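Take these sequences, add in the hints, and give me the full structure.
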Amino acid sequence: MTFSPELESRIETLIASYPTGRQRSALIPMLMYCQDEVGHISEEVIQECARRLGLTRLQVDEVIGYYSMMHKKPLGRYHVQVCTNISCLLRGAEELMEHAKQKLGIGHKEVTEDGVFSLEEVECMGACSWAPAIQVGYDFYHDVTPERFDQIIGEVAKLNRKVQ
Amino acid sequence: VLYNEPSPLEVKVLTRRFELPNSASIDTFLANDGYKAFMKAVGMTPDDIINEVKASNLRGRGGAGFPTGMKWGFVPRNTGKPAYIVVNADESEPGTCKDRVLIENDPHQLIEGCLIAGLAVGSHRGYVYIRGEYRYLVEIMEKAIAEAYAKGWLGKNINGTGFDFDLVAHTGAGAYECGEESALLESLEGKRGVPRIRPPFPAVAGLYQCPTVLNNVETFCAVPSIILNGGQWFADLGTPRNGGTRLFCLSGHINKPGVYELPMGFNLLRMINEVGGGVWKGRQLKAVIPGGSSCPVLKADECDLAMDYDTLMKAKSMLGSGGVVVMDDQTDIVRAALRIMKFYQHESCGWCIPCREGTTWLKKTLGRLDEGIGVRNDIDLVYEVAKNMLGRTFCPLGDAAAMPTMAFVEKFREEFEAKLISVVPGSLEEESRLVQLNA
Numbered sequence: 440m441t442f443s444p445e446l447e448s449r450i451e452t453l454i455a456s457y458p459t460g461r462q463r464s465a466l467i468p469m470l471m472y473c474q475d476e477v478g479h480i481s482e483e484v485i486q487e488c489a490r491r492l493g494l495t496r497l498q499v500d501e502v503i504g505y506y507s508m509m510h511k512k513p514l515g516r517y518h519v520q521v522c523t524n525i526s527c528l529l530r531g532a533e534e535l536m537e538h539a540k541q542k543l544g545i546g547h548k549e550v551t552e553d554g555v556f557s558l559e560e561v562e563c564m565g566a567c568s569w570a571p572a573i574q575v576g577y578d579f580y581h582d583v584t585p586e587r588f589d590q591i592i593g594e595v596a597k598l599n600r601k602v603q
Numbered sequence: 075v076l077y078n079e080p081s082p083l084e085v086k087v088l089t090r091r092f093e094l095p096n097s098a099s100i101d102t103f104l105a106n107d108g109y110k111a112f113m114k115a116v117g118m119t120p121d122d123i124i125n126e127v128k129a130s131n132l133r134g135r136g137g138a139g140f141p142t143g144m145k146w147g148f149v150p151r152n153t154g155k156p157a158y159i160v161v162n163a164d165e166s167e168p169g170t171c172k173d174r175v176l177i178e179n180d181p182h183q184l185i186e187g188c189l190i191a192g193l194a195v196g197s198h199r200g201y202v203y204i205r206g207e208y209r210y211l212v213e214i215m216e217k218a219i220a221e222a223y224a225k226g227w228l229g230k231n232i233n234g235t236g237f238d239f240d241l242v243a244h245t246g247a248g249a250y251e252c253g254e255e256s257a258l259l260e261s262l263e264g265k266r267g268v269p270r271i272r273p274p275f276p277a278v279a280g281l282y283q284c285p286t287v288l289n290n291v292e293t294f295c296a297v298p299s300i301i302l303n304g305g306q307w308f309a310d311l312g313t314p315r316n317g318g319t320r321l322f323c324l325s326g327h328i329n330k331p332g333v334y335e336l337p338m339g340f341n342l343l344r345m346i347n348e349v350g351g352g353v354w355k356g357r358q359l360k361a362v363i364p365g366g367s368s369c370p371v372l373k374a375d376e377c378d379l380a381m382d383y384d385t386l387m388k389a390k391s392m393l394g395s396g397g398v399v400v401m402d403d404q405t406d407i408v409r410a411a412l413r414i415m416k417f418y419q420h421e422s423c424g425w426c427i428p429c430r431e432g433t434t435w436l437k438k439t440l441g442r443l444d445e446g447i448g449v450r451n452d453i454d455l456v457y458e459v460a461k462n463m464l465g466r467t468f469c470p471l472g473d474a475a476a477m478p479t480m481a482f483v484e485k486f487r488e489e490f491e492a493k494l495i496s497v498v499p500g501s502l503e504e505e506s507r508l509v510q511l512n513a
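If you're matching them up, the sequences are chains Y and E in order. Under our numbering, the final residue of the first sequence carries the number 603; numbering is consecutive throughout. Under our numbering, the final residue of the second sequence carries the number 513; numbering is consecutive throughout.
Because the hints were derived from the structure by calculation, they are not lab data. Given the structure is predicted, the values throughout are model-derived calculations rather than measurements. Don't take every hint at face value.
[Said to hold, decoys possible] Restricting the straight-line Cα-Cα distance to at most 35 Å, the calculated cross-link-like pairs of lysine-lysine (DSBU-like) are:
(1) K438/E to K542/Y
(2) K542/Y to K86/E
(3) K437/E to K548/Y
(4) K511/Y to K355/E
(5) K265/E to K512/Y
(6) K540/Y to K86/E
(7) K548/Y to K330/E
(8) K597/Y to K373/E
(9) K86/E to K373/E
(10) K217/E to K597/Y
(11) K86/E to K155/E
(12) K512/Y to K416/E
(13) K437/E to K540/Y
(14) K548/Y to K265/E
(15) K86/E to K548/Y
(16) K438/E to K511/Y
(17) K330/E to K597/Y
[To be verified] Looking from chain Y toward chain E, a few residues come up when the C-beta cut is under 8 Å (computed):
(18) I454
(19) S456
(20) R461
(21) L466
(22) Y506
(23) N524
(24) L529
(25) C567
Even glycine gets a Cβ: it sits at the ideal position worked out from N, Cα and C.
Pasting the structure below:
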């Protein structure tokens, strides 16, 4: 399997970042960077990471099963994550999650039909003092009201049309 | 980038460069004491450095509050194995968002802390383990690391001192459990983040079974100021045995939520009312979680206390990770307890049974109570299950789930009772429901 030159160079740096004989340390970042490019962790990605690090397929797969940010099924191009943990809960996160479901027309861990958005209710993302918070991909949005949510989704959808 | 207005009551030590333009750049850092502490430490012996950290009364900012100097002192020397520095930037304790601002606004302060730790224990390589959700911080950290290499503050023969040190930013992939030190090391070795049995502790057998200094971001960030100004100076900022300042993350029902650097021992009520602008919407205070979701809740009348490790311990809670979650008089405590339990159930790694089964059972029972279909016995059941987890799990996650749950029941029992299904206690109806539910 071939990756983009940027990802290839990233992987090369990554593997060199750990002492000789400890290359397995590169596995988790490698899977995350591959997921960022491919969109999810496909069977090919699993095989390729295993091959490059001298691991078995199973050794890679059992790691994937542990981490909540690793996805073996494709997500939407923009993965919307709503935190509903304690600090966000206290400032209206449950209502925000309900609103997100209505707005996007999908539920927790679902993808819109056009594949643009996916939605997930997530655990604390570390934005407690600026709650409620969401992430779209890796981007943080703080103090999100339902109105602000619609605005963010509108901006992302516009960006998506531009990219297309 | 600052996400909230600073407070005039803050004592800025770790955050003192935050308001400078381009505070994350190496030029700003170098123009404002940057890497001076490292140069000073080069002229000290490893024991001098460790003694200075001991004298500062700096205690681990991740939550456990273990004295940092003592931890460094446990690292054996001349083992023939390399020693490692590992930064725990897996900040995931609900209510906590301070490591994020430390890396975002002053990444070089963290690098300098790692360098000094490296000098103290004879380590030449470090890793910054950053939670997966904080990907943008990996980029900020990588940029800072590249700048440091380019200007000779990382790599071979740092600034002509003869000391070599390499540092790598490493991303996690979403797992609260990896904030536990031994699970973090497993994850850093490319495995599932399952905790290790201890002893041996990471100081002796950590990363790749080699001697390892593993501390929280904020702990490392305090080190340059300690070396530069002396341990005693840092100690004097706080209360006895609780040195320095710490970053408190105020969240929840408060007018001015935010991350504020305050001296250890700052009064909690003052923190809420004067720093945080008081409870929002003109409401009254009901309760406060003083140090992240794993810390037992304090009732409003228990909040007139000094925020340091020892005072909180005496109050049967914990200072934890500095996440102060404020709840107003309209807060549904049962709902809060359930949400916190859902979190621990989701994050339990499943390795040991009391935690895996206990959190699941508690989530189910609390869910029933929250829905208004719980019976009287459920309240005691919640308490008993939590009590049975306490101290019986492989790592502190089980305790983290049990402790707040027990406190919620102990201190707000009437709220659990108010949500019970309306059946007459001791009636046949209640009896049959009990049989049904526990079948």
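How the hints compare with the structure:
Only pairs whose Cα atoms come within 35 Å are accepted, and K438/E paired with K542/Y is accepted, the gap being roughly 30 Å. As the CA atoms of K542/Y and K86/E are separated by approximately 43 Å, the hinted pair breaks the 35 Å bound. Distance restraint check for K437/E and K548/Y: the Cα-Cα separation of roughly 20 Å lies within the 35 Å cut-off, and the hinted pair is therefore satisfied. For the given pair, K511/Y sits about 44 Å from K355/E by alpha-carbon distance, which is inconsistent with the 35 Å threshold.
Simply put, K265/E and K512/Y have alpha-carbon atoms about 21 Å apart, close enough for the 35 Å limit, and the pair holds. At most 35 Å may separate the alpha-carbon atoms for a hinted pair to count; K540/Y and K86/E exceed this at roughly 42 Å. Under the criterion of a C-alpha separation no larger than 35 Å, the hint pairing K548/Y with K330/E is consistent with the structure, at around 33 Å. At most 35 Å may separate the alpha-carbon atoms for a hinted pair to count; K597/Y and K373/E exceed this at roughly 47 Å.
A threshold of 35 Å between alpha carbons decides the hint, and for K86/E with K373/E the separation of about 29 Å falls inside it, so the pair holds. Between K217/E and K597/Y the alpha-carbon distance is near 30 Å, which keeps this suggested pair within the 35 Å criterion. Restraint check: the Cα-Cα separation between K86/E and K155/E comes to about 39 Å, which exceeds 35 Å; the hinted pair is violated. A threshold of 35 Å between alpha carbons decides the hint, and for K512/Y with K416/E the separation of about 24 Å falls inside it, so the pair holds.
Note on K437/E and K540/Y: the hinted pairing holds, with a Cα-Cα distance of about 24 Å set against a maximum of 35 Å. Pair hint K548/Y plus K265/E holds up; C-alpha atoms about 25 Å apart against a cutoff of 35 Å. Of the pairs offered as hints, the one joining K86/E and K548/Y is violated, with about 42 Å between alpha carbons and a cut-off of 35 Å exceeded. A C-alpha spacing of about 28 Å is found between K438/E and K511/Y, which places the hinted pair at or below 35 Å, so the restraint holds.
Distance restraint check for K330/E and K597/Y: the Cα-Cα separation of roughly 33 Å lies within the 35 Å cut-off, and the hinted pair is therefore satisfied. Given the 8 Å rule on beta carbons, the hint for I454/Y is violated: about 11 Å separates it from the nearest Cβ of chain E. Annotation: S456/Y was flagged as interfacial toward chain E, and the flag holds, the nearest CB pair being 4 Å apart, inside 8 Å. Here the hint on R461/Y is kept, as its CB sits about 6 Å from the closest CB of chain E, short of 8 Å.
Satisfaction of the interface hint for L466/Y is found here, the shortest Cβ-Cβ separation to chain E being roughly 4 Å, below the 8 Å cut-off. Of the supplied interface hints, the one on Y506/Y holds, with its beta-carbon coming within about 4 Å of a beta-carbon of chain E, less than 8 Å. Proximity of N524/Y to chain E holds as hinted, the smallest CB-CB distance being about 5 Å (cut-off 8 Å). The interface hint given for L529/Y holds, since its Cβ lies 4 Å from the closest Cβ of chain E, which is under the 8 Å cut-off.
Because the beta carbon of C567/Y sits about 4 Å from the nearest beta carbon in chain E, less than 8 Å, this interface hint is met.
When the structure is compared with the earlier hints, violations turn up for hints 2, 4, 6, 8, 11, 15, 18 and for no others.
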